[in-house]
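Let the hints inform the model, and build the full structure from the sequences given.
Following the UniProt record's numbering, the numbering of the sequence shown begins with 1 at its first residue and continues without gaps.
One or more hints might be untrue.
Stated by the list, open to error - Okay, derived cross-link-like pairs now, DSS-like style, lysine-lysine, Cα gap no bigger than 25 Å in a straight line:
{"id": "1", "residue 1": "Lys250", "residue 2": "Lys184"}
{"id": "2", "residue 1": "Lys74", "residue 2": "Lys85"}
{"id": "3", "residue 1": "Lys85", "residue 2": "Lys184"}
{"id": "4", "residue 1": "Lys103", "residue 2": "Lys115"}
{"id": "5", "residue 1": "Lys68", "residue 2": "Lys184"}
{"id": "6", "residue 1": "Lys116", "residue 2": "Lys184"}
{"id": "7", "residue 1": "Lys87", "residue 2": "Lys75"}
{"id": "8", "residue 1": "Lys174", "residue 2": "Lys120"}
{"id": "9", "residue 1": "Lys120", "residue 2": "Lys171"}
{"id": "10", "residue 1": "Lys120", "residue 2": "Lys184"}
{"id": "11", "residue 1": "Lys250", "residue 2": "Lys116"}
{"id": "12", "residue 1": "Lys85", "residue 2": "Lys103"}
{"id": "13", "residue 1": "Lys171", "residue 2": "Lys115"}
{"id": "14", "residue 1": "Lys74", "residue 2": "Lys184"}
{"id": "15", "residue 1": "Lys120", "residue 2": "Lys103"}
{"id": "16", "residue 1": "Lys171", "residue 2": "Lys116"}
{"id": "17", "residue 1": "Lys85", "residue 2": "Lys75"}
{"id": "18", "residue 1": "Lys103", "residue 2": "Lys184"}
{"id": "19", "residue 1": "Lys174", "residue 2": "Lys87"}
{"id": "20", "residue 1": "Lys171", "residue 2": "Lys87"}
{"id": "21", "residue 1": "Lys85", "residue 2": "Lys68"}
{"id": "22", "residue 1": "Lys65", "residue 2": "Lys184"}
{"id": "23", "residue 1": "Lys184", "residue 2": "Lys115"}
{"id": "24", "residue 1": "Lys65", "residue 2": "Lys75"}
{"id": "25", "residue 1": "Lys171", "residue 2": "Lys85"}
{"id": "26", "residue 1": "Lys87", "residue 2": "Lys120"}
{"id": "27", "residue 1": "Lys75", "residue 2": "Lys184"}
{"id": "28", "residue 1": "Lys171", "residue 2": "Lys103"}
{"id": "29", "residue 1": "Lys103", "residue 2": "Lys87"}
{"id": "30", "residue 1": "Lys184", "residue 2": "Lys87"}
{"id": "31", "residue 1": "Lys116", "residue 2": "Lys103"}
{"id": "32", "residue 1": "Lys87", "residue 2": "Lys74"}
{"id": "33", "residue 1": "Lys85", "residue 2": "Lys174"}
{"id": "34", "residue 1": "Lys103", "residue 2": "Lys174"}
As the list claims (entries may be wrong) - Okay, the calculated beta carbon distance ranges per label pair:
{"id": "35", "residue 1": "Lys68", "residue 2": "Gln278", "range": "44 to 52 Å"}
{"id": "36", "residue 1": "Arg245", "residue 2": "Asp69", "range": "28 to 36 Å"}
{"id": "37", "residue 1": "Tyr283", "residue 2": "Lys74", "range": "52 to 60 Å"}
These aren't lab readings, by the way, just hints derived from the structure by calculation.
Heads up, the beta-carbon is just placed ideally off N, CA and C, and yes, glycines get one too.
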Amino acid sequence: MEALGHGFRPVGAVRSCQNEQRCQLVGSIHFLSSPLLPSSLKFVKEYYRNDVIRMQTVQEEYELKQIKDMAAAKKRWDALIRDGKVKVLTPREAGYAIQLSNKMLLDVRPSMERKKAWVKGSTWIPVFDVDTILELGTLSRKATNFLMGGWWSGVPALSYNRQFLSIVEEKFAKDTDLIVACQKGLRSIAACEVLYNAGYSNIFWVQGGLETAEEEDLEREGPQPFKFAGIGGLSEFLGWTDQQRDAAAKEGWGYRLTFSARLVGVVLGADALFIGAQKVGQYLQEFRSH
Numbered sequence: 001m002e003a004l005g006h007g008f009r010p011v012g013a014v015r016s017c018q019n020e021q022r023c024q025l026v027g028s029i030h031f032l033s034s035p036l037l038p039s040s041l042k043f044v045k046e047y048y049r050n051d052v053i054r055m056q057t058v059q060e061e062y063e064l065k066q067i068k069d070m071a072a073a074k075k076r077w078d079a080l081i082r083d084g085k086v087k088v089l090t091p092r093e094a095g096y097a098i099q100l101s102n103k104m105l106l107d108v109r110p111s112m113e114r115k116k117a118w119v120k121g122s123t124w125i126p127v128f129d130v131d132t133i134l135e136l137g138t139l140s141r142k143a144t145n146f147l148m149g150g151w152w153s154g155v156p157a158l159s160y161n162r163q164f165l166s167i168v169e170e171k172f173a174k175d176t177d178l179i180v181a182c183q184k185g186l187r188s189i190a191a192c193e194v195l196y197n198a199g200y201s202n203i204f205w206v207q208g209g210l211e212t213a214e215e216e217d218l219e220r221e222g223p224q225p226f227k228f229a230g231i232g233g234l235s236e237f238l239g240w241t242d243q244q245r246d247a248a249a250k251e252g253w254g255y256r257l258t259f260s261a262r263l264v265g266v267v268l269g270a271d272a273l274f275i276g277a278q279k280v281g282q283y284l285q286e287f288r289s290h
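Written out as structure tokens, the structure reads:
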């Protein structure tokens, strides 16, 4: 789920890409169905057709499972809030609670967001964090995450922190007032459910996450504003995120020119690489001809 684990591409774009791949496969099947092909290829044709159908079925089942899982989770989370088992706070209310009531803020964001900005005095225990395991399966998942938008958004592949609950239990008693926050509010409500099921009774959820906090709401430490802690990748470098557009509207032309210069640099760099690749290709071709 960005849900729980944020890619860049919207669902429509992902499905468009998948549909394009399916069209290519269906086109290949149509070619294999041509009466001009020898009968010896019938087995290959049927095998290929069945393989494509299986691929489509698996993909559709996976998408349906993701939708069902997310809908079921949202229903549970809504019930926790409706029944008062998890109390809702705005970032400003969370700031007041920390200052006036000495409540503890539990930051459950992954490390790449935490290191950019954090609430002073908060405790960091990520519920999902950057997947650092180097195995064939995880490498494949990381590559898929990068190709599906990680290069643009800067969000790496994340995995559930299996020590999350045990670390929380080591640090906090079950009756501790815990304010749980993440960047956008989704991972933190998931963490609230884990904590409530484990017996924690005084849980507060920061709705909308730290991304919705103004600088005066919470005492911040770290090099960047809370709003910028969740962005990254090429979109951040070029200034094409919503947060940076809002900042540009306030900062004026000087801020915009910085990112315009970066865009020009990226375009010129891409052109240089393309021309260089052409030159290398020509050199290799001449070398082979001799």
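Structure-based check of all given hints:
About 22 Å separates the Cα atoms of Lys250 and Lys184, which keeps this hinted pair within 25 Å; it holds. Proximity of Lys74 to Lys85 is assessed by CA-CA distance (about 15 Å); at most 25 Å being required, the pair is judged to hold. The suggested pairing of Lys85 with Lys184 holds, with an alpha-carbon distance near 20 Å, which does not exceed 25 Å. Taking the CA atoms of Lys103 and Lys115, the gap is near 22 Å; set against the 25 Å cutoff, the hint holds.
The hinted pair formed by Lys68 and Lys184 meets the criterion: a straight-line CA distance of about 21 Å does not exceed 25 Å. Proximity of Lys116 to Lys184 is assessed by CA-CA distance (about 15 Å); at most 25 Å being required, the pair is judged to hold. Taken as a hint, the Lys87 and Lys75 pair is honoured in the structure, with Cα atoms around 16 Å apart against an allowance of 25 Å. A hinted pair counts as satisfied when its Cα atoms are at most 25 Å apart, and Lys174 with Lys120 qualifies at roughly 23 Å.
Distance hint between Lys120 and Lys171 is fulfilled; the C-alpha atoms sit about 17 Å from each other, no more than 25 Å. Restraint check for Lys120 and Lys184: the C-alpha separation of about 19 Å stays at or below 25 Å, so the hint holds. Among the hinted pairs, Lys250 with Lys116 is consistent with the structure: their alpha-carbon atoms are about 21 Å apart, no more than 25 Å. Between Lys85 and Lys103, the direct Cα distance comes to roughly 17 Å. Compliance with the 25 Å bound is thereby established for this hinted pair.
Pair hint Lys171 plus Lys115 holds up; C-alpha atoms about 21 Å apart against a cutoff of 25 Å. Between the alpha carbons of Lys74 and Lys184 the distance comes to roughly 15 Å, so the proposed pair stays at or under 25 Å and holds. Distance restraint check for Lys120 and Lys103: the Cα-Cα separation of roughly 12 Å lies within the 25 Å cut-off, and the hinted pair is therefore satisfied. At most 25 Å may separate the alpha-carbon atoms for a hinted pair to count; Lys171 and Lys116 meet this at roughly 24 Å.
Of the pairs offered as hints, the one joining Lys85 and Lys75 holds, with about 14 Å between alpha carbons and a cut-off of 25 Å not exceeded. Between the alpha carbons of Lys103 and Lys184 the distance comes to roughly 21 Å, so the proposed pair stays at or under 25 Å and holds. At roughly 16 Å between alpha-carbon atoms, Lys174 and Lys87 fall within 25 Å of each other, so this suggested pair holds. With a CA separation close to 21 Å, the supplied pair Lys171 and Lys87 stays within the 25 Å bound.
Of the supplied pair hints, the one linking Lys85 and Lys68 holds, its CA atoms being roughly 23 Å apart against a limit of 25 Å. Only pairs whose Cα atoms come within 25 Å are accepted, and Lys65 paired with Lys184 is accepted, the gap being roughly 23 Å. Among the hinted pairs, Lys184 with Lys115 is consistent with the structure: their alpha-carbon atoms are about 16 Å apart, no more than 25 Å. A distance of roughly 15 Å separates the Cα atoms of Lys65 and Lys75; the hinted pair therefore holds under the 25 Å criterion.
About 21 Å separates the Cα atoms of Lys171 and Lys85, which keeps this hinted pair within 25 Å; it holds. Under the criterion of a C-alpha separation no larger than 25 Å, the hint pairing Lys87 with Lys120 is consistent with the structure, at around 22 Å. Between the alpha carbons of Lys75 and Lys184 the distance comes to roughly 18 Å, so the proposed pair stays at or under 25 Å and holds. Between Lys171 and Lys103, the direct Cα distance comes to roughly 14 Å. Compliance with the 25 Å bound is thereby established for this hinted pair.
For the given pair, Lys103 sits about 13 Å from Lys87 by alpha-carbon distance, which is consistent with the 25 Å threshold. Pair hint Lys184 plus Lys87 holds up; C-alpha atoms about 17 Å apart against a cutoff of 25 Å. Of the supplied pair hints, the one linking Lys116 and Lys103 holds, its CA atoms being roughly 23 Å apart against a limit of 25 Å. With a CA separation close to 16 Å, the supplied pair Lys87 and Lys74 stays within the 25 Å bound.
Annotation: proposed proximity of Lys85 to Lys174 holds, straight-line Cα distance about 14 Å (limit 25 Å). Between Lys103 and Lys174, the direct Cα distance comes to roughly 14 Å. Compliance with the 25 Å bound is thereby established for this hinted pair. Separated by about 49 Å at the C-beta atoms, Lys68 and Gln278 satisfy the suggested range of 44 to 52 Å. Hint check: Arg245 to Asp69, Cβ distance near 32 Å, so the stated range 28 to 36 Å holds.
Judged by the Cβ atoms, the range 52 to 60 Å given for Tyr283 and Lys74 holds: they are separated by roughly 58 Å.
The structure shown violates none of the earlier numbered hints.
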